[in-house]
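Protein chains: 2
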Amino acid sequence: MDVTIAIDAMGGDHGTRVTIPAAVRYLKQHPTDTIVLVGLPDAIEAELRTIKTSIEPRLRIQAASEVVGMDESPQLVLRSKKDSSMRVAINLVKNGEASACVSAGNTGALMATARYVLKMLPGIDRPAIASFLPTYKGQVCMLDLGANVDCNAENLLQFALMGTALVYAIEHKNNPTVGLLNIGSEDIKGNEIVKQASELLRQSDLNFYGNIEGNDIFKGVTDVVVCDGFVGNVALKTTEGLAQMLGGFLREEFNRNMFTKLAGLLATPVLKAFKRRVDPRRYNGASLLGLKGIVLKSHGSADAFAFFCAIERAAEEARGGMLHHISEHIEKWHDACQQKTREAS
Amino acid sequence: MDVTIAIDAMGGDHGTRVTIPAAVRYLKQHPTDTIVLVGLPDAIEAELRTIKTSIEPRLRIQAASEVVGMDESPQLVLRSKKDSSMRVAINLVKNGEASACVSAGNTGALMATARYVLKMLPGIDRPAIASFLPTYKGQVCMLDLGANVDCNAENLLQFALMGTALVYAIEHKNNPTVGLLNIGSEDIKGNEIVKQASELLRQSDLNFYGNIEGNDIFKGVTDVVVCDGFVGNVALKTTEGLAQMLGGFLREEFNRNMFTKLAGLLATPVLKAFKRRVDPRRYNGASLLGLKGIVLKSHGSADAFAFFCAIERAAEEARGGMLHHISEHIEKWHDACQQKTREAS
Numbered sequence: 001m002d003v004t005i006a007i008d009a010m011g012g013d014h015g016t017r018v019t020i021p022a023a024v025r026y027l028k029q030h031p032t033d034t035i036v037l038v039g040l041p042d043a044i045e046a047e048l049r050t051i052k053t054s055i056e057p058r059l060r061i062q063a064a065s066e067v068v069g070m071d072e073s074p075q076l077v078l079r080s081k082k083d084s085s086m087r088v089a090i091n092l093v094k095n096g097e098a099s100a101c102v103s104a105g106n107t108g109a110l111m112a113t114a115r116y117v118l119k120m121l122p123g124i125d126r127p128a129i130a131s132f133l134p135t136y137k138g139q140v141c142m143l144d145l146g147a148n149v150d151c152n153a154e155n156l157l158q159f160a161l162m163g164t165a166l167v168y169a170i171e172h173k174n175n176p177t178v179g180l181l182n183i184g185s186e187d188i189k190g191n192e193i194v195k196q197a198s199e200l201l202r203q204s205d206l207n208f209y210g211n212i213e214g215n216d217i218f219k220g221v222t223d224v225v226v227c228d229g230f231v232g233n234v235a236l237k238t239t240e241g242l243a244q245m246l247g248g249f250l251r252e253e254f255n256r257n258m259f260t261k262l263a264g265l266l267a268t269p270v271l272k273a274f275k276r277r278v279d280p281r282r283y284n285g286a287s288l289l290g291l292k293g294i295v296l297k298s299h300g301s302a303d304a305f306a307f308f309c310a311i312e313r314a315a316e317e318a319r320g321g322m323l324h325h326i327s328e329h330i331e332k333w334h335d336a337c338q339q340k341t342r343e344a345s
Numbered sequence: 001m002d003v004t005i006a007i008d009a010m011g012g013d014h015g016t017r018v019t020i021p022a023a024v025r026y027l028k029q030h031p032t033d034t035i036v037l038v039g040l041p042d043a044i045e046a047e048l049r050t051i052k053t054s055i056e057p058r059l060r061i062q063a064a065s066e067v068v069g070m071d072e073s074p075q076l077v078l079r080s081k082k083d084s085s086m087r088v089a090i091n092l093v094k095n096g097e098a099s100a101c102v103s104a105g106n107t108g109a110l111m112a113t114a115r116y117v118l119k120m121l122p123g124i125d126r127p128a129i130a131s132f133l134p135t136y137k138g139q140v141c142m143l144d145l146g147a148n149v150d151c152n153a154e155n156l157l158q159f160a161l162m163g164t165a166l167v168y169a170i171e172h173k174n175n176p177t178v179g180l181l182n183i184g185s186e187d188i189k190g191n192e193i194v195k196q197a198s199e200l201l202r203q204s205d206l207n208f209y210g211n212i213e214g215n216d217i218f219k220g221v222t223d224v225v226v227c228d229g230f231v232g233n234v235a236l237k238t239t240e241g242l243a244q245m246l247g248g249f250l251r252e253e254f255n256r257n258m259f260t261k262l263a264g265l266l267a268t269p270v271l272k273a274f275k276r277r278v279d280p281r282r283y284n285g286a287s288l289l290g291l292k293g294i295v296l297k298s299h300g301s302a303d304a305f306a307f308f309c310a311i312e313r314a315a316e317e318a319r320g321g322m323l324h325h326i327s328e329h330i331e332k333w334h335d336a337c338q339q340k341t342r343e344a345s
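In order, the protein sequence lines correspond to chains A and B. Residue 1 is where the first sequence starts when you use the UniProt record's numbering, and the numbers rise one by one after that. Residue 1 is where the second sequence starts when you use the UniProt record's numbering, and the numbers rise one by one after that.
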């Protein structure tokens, strides 16, 4: 299935310098897909000239006269920047001109705009941010990563439904397992909301594994990890911080003296292979789930390779029919609830 | 100041095989301190014979006839095992015969027993679990790590007071900085409890830095990091999981073929130096704070070096007068609150 991806070409710390080379790379590797670059035409054309690429049927420009700043208030952006590259890219998804859109811009503004323009899928109360992380066994889908600081049990169940649909769409894995992030594996552990969520998950048609702990995430104990956005955001950022520190320590130790530098030189292929394996750029692209459209948020500081990975993820979600799978799971859950109500009455 | 440390010799996955060699090592390095080994005399004497060490004035045995299992319910332990090695060790602290105690046993049972026997310090509503983690700049004290799944703003403030006292006692750092773990650095971020806690921290005499994010922990942005026990436990265990995975990947890459194995051999001193720097055993020993006595929880799977580190931490807390510093901070906070009430009326 050929897909068309709308790209907020102006978003992120580096704007067109990153988004456009990433788009060109994507088109080379996916020779039947189409990309629409959304933003200030002058800036887009200047970057295309720099990288010696010209407009062709599969690489179009859609003009947008405004740019959303990284620190602007989402509410202000929503009210006053109706012709921003971010909003116009989302509009293309809304109108069916694109199957998905990708932005490295302001997360709050992207979420608010996407929610306002696209609306929520029926049966989903709140959008969630989901991302994949590397594990021993492959990768794990974790959500919510910061869209919702307070969640009830029903929200956590909906996150599980959405994460299951996302894993199915991306990995074509039937019946992926779902873990509920908690501070112990026993049922009695955790706060009231987590206990209630555990109960709902058990009643659902999902492949619920049970409670998992923080150290189970990277073991790849389950395919999906569900938690509230406060916990998920802290866990994700803490691991980013630890990975940076460990990388820094390793570099320092290899740079300590002549001997260690030589050892580092000889170990270069090994260290490169290690780095490739855990390269966070390969996992760039967080999905804003629960909307009537596919929206991917790239890290603001992403380079062209990282942004390229986010475009790939967007295309995979579209090709995998993610929205359809979410709706299917929601319907099944509602049918099961109605069945239960009938049985009880 | 000479200190006496009571050790639950039977606790942990390995019992006396770990606790006693650790105690002997500690006494060698601290020639004026005393250790009381608490547990089944036969088991303790057998281990002492194995490692060719005899009882001397600085190494005493205190008999206890029961052992707490790693999976026993804390309530059951509290009611039925009144002569457990864990409880007798805590009793020694209560009676003033020891300045602190260390156990690698069942965390829930240790917390419940310590709280029951020692009671809470006036002005502290709930005990917290605190631990040090390595950072770019040195180490950071993080709490709560799992004692309290739900916290209110006042609890978080009390954690901050206790963390400040702990850092002062251990590191002799005047006015350590306190960060409130959140999902953004701006004041508007986070849930209601975190926002209220931020307000209280601003009113306190503590050196409040403001909100910090997960990735700031390992940067060493602050000396103390405060969060509720659910978030802290997930963050801690997630980093443990990530560190294990990265270590595993690194080993795998160095073991891939003849060439990578040779590179690994040449890099051995570098990798050892790196490992030493982030060795989790050096950070073993979580403090149960808020009690009228010093209690350290060692990791259940600790080896003798890790358990030795926990004994050292216990002694440092005692020598640093940690309980006194906590009480001082609590008093200052209550004085400030009364002052405010007077001003308001």
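Hints are not guaranteed to be accurate.
[As the list claims (entries may be wrong)] Have a look at the derived ranges for each label pair, beta carbon to beta carbon: (1) A/H334 - B/D13: 24 to 34 Å; (2) B/R79 - A/Q75: 52 to 62 Å; (3) A/K173 - B/R277: 31 to 41 Å; (4) B/E192 - A/M70: 24 to 34 Å; (5) A/N255 - B/P122: 48 to 58 Å; (6) B/D13 - A/D205: 33 to 43 Å; (7) A/S301 - B/K137: 19 to 29 Å; (8) B/D42 - A/D205: 48 to 58 Å; (9) A/I188 - B/K195: 24 to 34 Å; (10) A/K52 - B/R276: 46 to 56 Å; (11) B/D13 - A/E192: 30 to 40 Å; (12) A/Q339 - B/E192: 31 to 41 Å.
[Unchecked claim] Simulated pairs of lysine-lysine, DSSO-like, Cα-Cα distance not exceeding 27 Å: (13) A/K52 - A/K28; (14) B/K195 - A/K189; (15) A/K261 - A/K292; (16) A/K275 - B/K272; (17) A/K195 - B/K189; (18) A/K119 - B/K189; (19) B/K261 - A/K272.
[To be verified] Over 10 Å on every C-beta distance to chain B, these chain A residues come out as not near it, computed from the model: (20) R126; (21) E213; (22) D216; (23) G320; (24) I330; (25) R342.
Source of the hints: derived by calculation from the structure; they are not laboratory data. All C-beta atoms, glycine included, are put in the ideal place defined by N, C-alpha and C.
Okay, the hints, checked on the actual structure:
At roughly 47 Å, the beta carbons of A/H334 and B/D13 sit outside the given window of 24 to 34 Å. Taken as a hint, the range 52 to 62 Å holds for the pair B/R79 and A/Q75, whose Cβ atoms sit roughly 56 Å apart. With their beta carbons about 38 Å apart, A/K173 and B/R277 fall inside the hinted range of 31 to 41 Å. For B/E192 paired with A/M70, a C-beta distance near 26 Å keeps the hint of 24 to 34 Å intact.
Checked against the hint of 48 to 58 Å, the pair A/N255 and B/P122 passes, with Cβ atoms roughly 52 Å apart. For the hinted restraint 33 to 43 Å between B/D13 and A/D205, the CB-CB distance of approximately 39 Å keeps it satisfied. In this structure the supplied range 19 to 29 Å holds for A/S301 paired with B/K137, their Cβ-Cβ distance being about 23 Å. Distance hint check for B/D42 and A/D205: the Cβ-Cβ separation is about 56 Å, which falls inside the suggested range of 48 to 58 Å.
Taking the beta carbon of each, A/I188 and B/K195 are about 30 Å apart, inside 24 to 34 Å as hinted. Between A/K52 and B/R276 the Cβ separation comes to about 50 Å, which falls inside the hinted range of 46 to 56 Å. The hint said 30 to 40 Å for the Cβ distance between B/D13 and A/E192, and at roughly 32 Å that hint holds. Remark: the range hint 31 to 41 Å for A/Q339 to B/E192 is upheld by a beta-carbon distance near 37 Å.
Taking the CA atoms of A/K52 and A/K28, the gap is near 14 Å; set against the 27 Å cutoff, the hint holds. For a cut-off of 27 Å, the pair hint linking B/K195 to A/K189 stands: about 26 Å separates their Cα positions. For the suggested pair A/K261 and A/K292, the alpha carbons sit about 53 Å apart, so the restraint of at most 27 Å is broken. Distance hint between A/K275 and B/K272 is fulfilled; the C-alpha atoms sit about 19 Å from each other, no more than 27 Å.
A hinted pair counts as satisfied when its Cα atoms are at most 27 Å apart, and A/K195 with B/K189 qualifies at roughly 26 Å. Our distance criterion of 27 Å between C-alpha atoms is met by A/K119 and B/K189, whose separation comes to about 24 Å. Distance check on the hinted pair: B/K261 and A/K272 sit about 15 Å apart at the alpha-carbon level, within 27 Å; holds. The beta carbon of A/R126 sits about 14 Å from the closest Cβ of chain B, which is more than 10 Å, so the claim that it is off the interface holds.
A Cβ of chain B approaches the Cβ of A/E213 within 10 Å, the least distance being about 5 Å, so the stated non-interface status is violated. The Cβ of A/D216 sits about 7 Å from the closest Cβ of chain B, inside the 10 Å cut-off, so the non-interface label is violated. Every Cβ of chain B is farther than 10 Å from the Cβ of A/G320; the closest lies at roughly 27 Å, confirming the non-interface assignment. Every CB of chain B lies more than 10 Å from the CB of A/I330, the least distance being 27 Å, so the non-interface label holds.
Every Cβ of chain B is farther than 10 Å from the Cβ of A/R342; the closest lies at roughly 36 Å, confirming the non-interface assignment.
Checked against the numbered hints above, the structure breaks hints 1, 15, 21, 22 and satisfies the rest.
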